[in-house]
Amino acid sequence: MAGTQQSYMEIDQSNGRLYVMSETDVVSPKRRVNISDDRGATWRRNDWAVDAFAVDTNVPGTLYAAAAQQFFKSTDYGTTWKTGLNSPPGVKQIRLVPGRPNLAFTIGAIYPEGSLWRSADSGLSWTAVKYHRFLETTVGNLAISEDGKTVFAVDDWGWLHKSTDEGVTWQESPVNAVNPPVAYSDVHLEPGNKDHVYIRSRQGYGAYESRDGGATWTRLRGLSDNVSCLATDSRNPAWVIAGTDSGLLLSEDRGASWSLLNAGFVKGPITAVRLDPFDSRHIYALTSAGLLSYTRDPVAWVPRLSSPGGQIGLAFANPGPAQITTKLTALEAAGTNLVIPGGQNPVAIELDAGGQQARIDVEAFGTAAPSLGDGWLRAEASTLSCLGMFSWFTADLAMLDTWEVLRSPSRFQLLPEVGLDGFARLHLANPGQTAIDVRLQLIGDEGKVKATAPRIHVPAGGVVVQEAKAVFAGAEFAASDYVMLSADRAFLAFEFFGREGKTVAGVAALDPERTARASRFYDELYLPQFVLADPLVRSVVTIINVGDTKEGVGWTLSDEEGKSVASGGSAVPLAPGSKIALDDRQMFPAYQGPPRTGALRVYVSKGQSYENVGIIGLATFQDEKREQLLTALPLVIDPSPSFLLGHLAASDAFFTGIALMNPNQAAVDVDLRAFSPDGAELASTTVVLAKGGRRSQLLAEYFPTLAGKDIAGGYVRVSASQPVACFGIYGPRNMSSLAMIPGQALQ
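The numbering of the sequence shown is the numbering used here, which starts it at 1 and goes up by one.
A couple of the hints might just be wrong.
[To be verified] Below, a list of computed lysine-lysine pairs in the DSSO-like style, where the Cα atoms sit at most 30 Å apart: (1) Lys194 x Lys130; (2) Lys92 x Lys73; (3) Lys73 x Lys162; (4) Lys130 x Lys149; (5) Lys709 x Lys691; (6) Lys469 x Lys448.
Worth flagging that the hints you see were computed from the coordinates, not collected in a lab.
Produce the complete structure using the sequences and hints provided.
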């Protein structure tokens, strides 16, 4: 469907067939209907030139169309059409009612009779709805209950109207959620519940719900202001999907919490979303770039099965409303299931609604687990709402770090560390069913290739572990070097780096394609907590230009109120493909004050062409030589309105801190709720982040009622009125080690 503008989408509930209407004639925008029987892999375009089109979900094979003031009906999937039917004037939409085969509505232009018409005999005859609003303006959208009795309509002026007698009579149903009132559109009903209504605003005021048939309204928390579409799912009535400037978000609990399905799913607004009627993992999004499909995958991976000299820890949280099962399978490097002496493989973990479980490797797979060697773990959950993280640590916690489980394979990835003054151990994992050969290149100054290694063969389901210095034997490494990886099929990459026997940190490969897909924050990176001029802890920031042009890169440090306290590098030139790594003193050489913390914003200097701009980065917190302290996390490229911090530890011996940053141009309300491993809410609070502001506090400072309590598990959910950046940090109070708690965007 390249070269056309897609304007409407239907899915046949009987067979999953996709129908997409595309406009091809700018002068007279008749719409052609494109058809796919294989989830959009291939298409055929017929010769129907129509103004409106609909699939009858009540009678398989029945289609309706309107064109040139005529109404048409087919009972054989469009092979033949019955003509000569009466037609309302100027039909632009046809709406049929699931469960009511005879009831139908059309929406059209404003003629003397009005813009909404109604049929009670399957389109054989039509009656204009004589309601004063529909005589003055057109109707934009309808939401119809399954019995057809309750109908909501949004007109083109943004007003909501309601009928309780199958659309015969109407009255205004004001949305009283915002004062002064704003215009609304895109109204939906929860399947099977005529009183639960969803609606979004047109003017950047978010989305709202009513649970009493439109009498009262509340805002859906966890969504940004800019919601471009909403959708519900007949197979899962509690589900709501929202298209936003952060990507596609899914709620499995009627809007109480949201999972980010795919950050930066498209460039441009998402105008409509539909779920596959036979498999709700498959989602279709209609956008300005065309029809895109996305498959949600509840499978995640842990790239390291064992930790010589230490242990692997696993933690899984279920923020959803129902019990779920997570199956852990230990895999050999060759991709086959491991046989564990005296242990069990696979292992099933039951997670209650709202619950969390944390286990170390010996608890999950038996006492032989730490000696299993190279391998990896596959985690299969019964729902995408299951979130996980893993850690590696020594018994004395002299070495400790954490990372979220890996979910997003890609064909092109970057590993930012090469082990210049220590080691960098590369883990390449293949989640697919076909073997792959991964190409590795060492990239140096000005983004030029310094060395190309022989391709590494990774078997189907397998993992390969290599030292960077062995892969690029004979190469002279420099601070500006990094590793570029590519393959014909998507794979996963992770690296452990540090000083052998002293420190270790880990980082998942950075994905430049994710930067290219991001629809908003592609020219800025964020770090909610940055340490400046501290004698014990140094902040080191790595930035890579993944764009096509040479860019000037700058950075600023702001305080809690969003005021700049230090700036530097206002136009540091960065060639395409090149990397810089600077510590806090190098980034802010003019700063002469006492040690302090703040929020870091890294940006591409204004005045550049943003068509092919992209920067990604990494932050590490360490001592000067990485001999005592080391932890790492990526700079945030796509802030989200909803996060989960997957582990808590607070006692006389341990601490947990949470850092938040508001990258928006207005203040943001942030709700935080702490939960115990059994899903019980421990405490809650709301903080306000100023424009560009931040907050970094210990757990007991956010939640004073938790002061003095021993907490050894659980999680925190973060919901904000606008996208924010977030991460946690925990470790022993003697600072012998530190570990990041990644802010998982409920993905």
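Against the earlier hints, flag every one the structure doesn't satisfy and list their numbers going up. As far as the earlier hints go, only 5 is violated by this structure.
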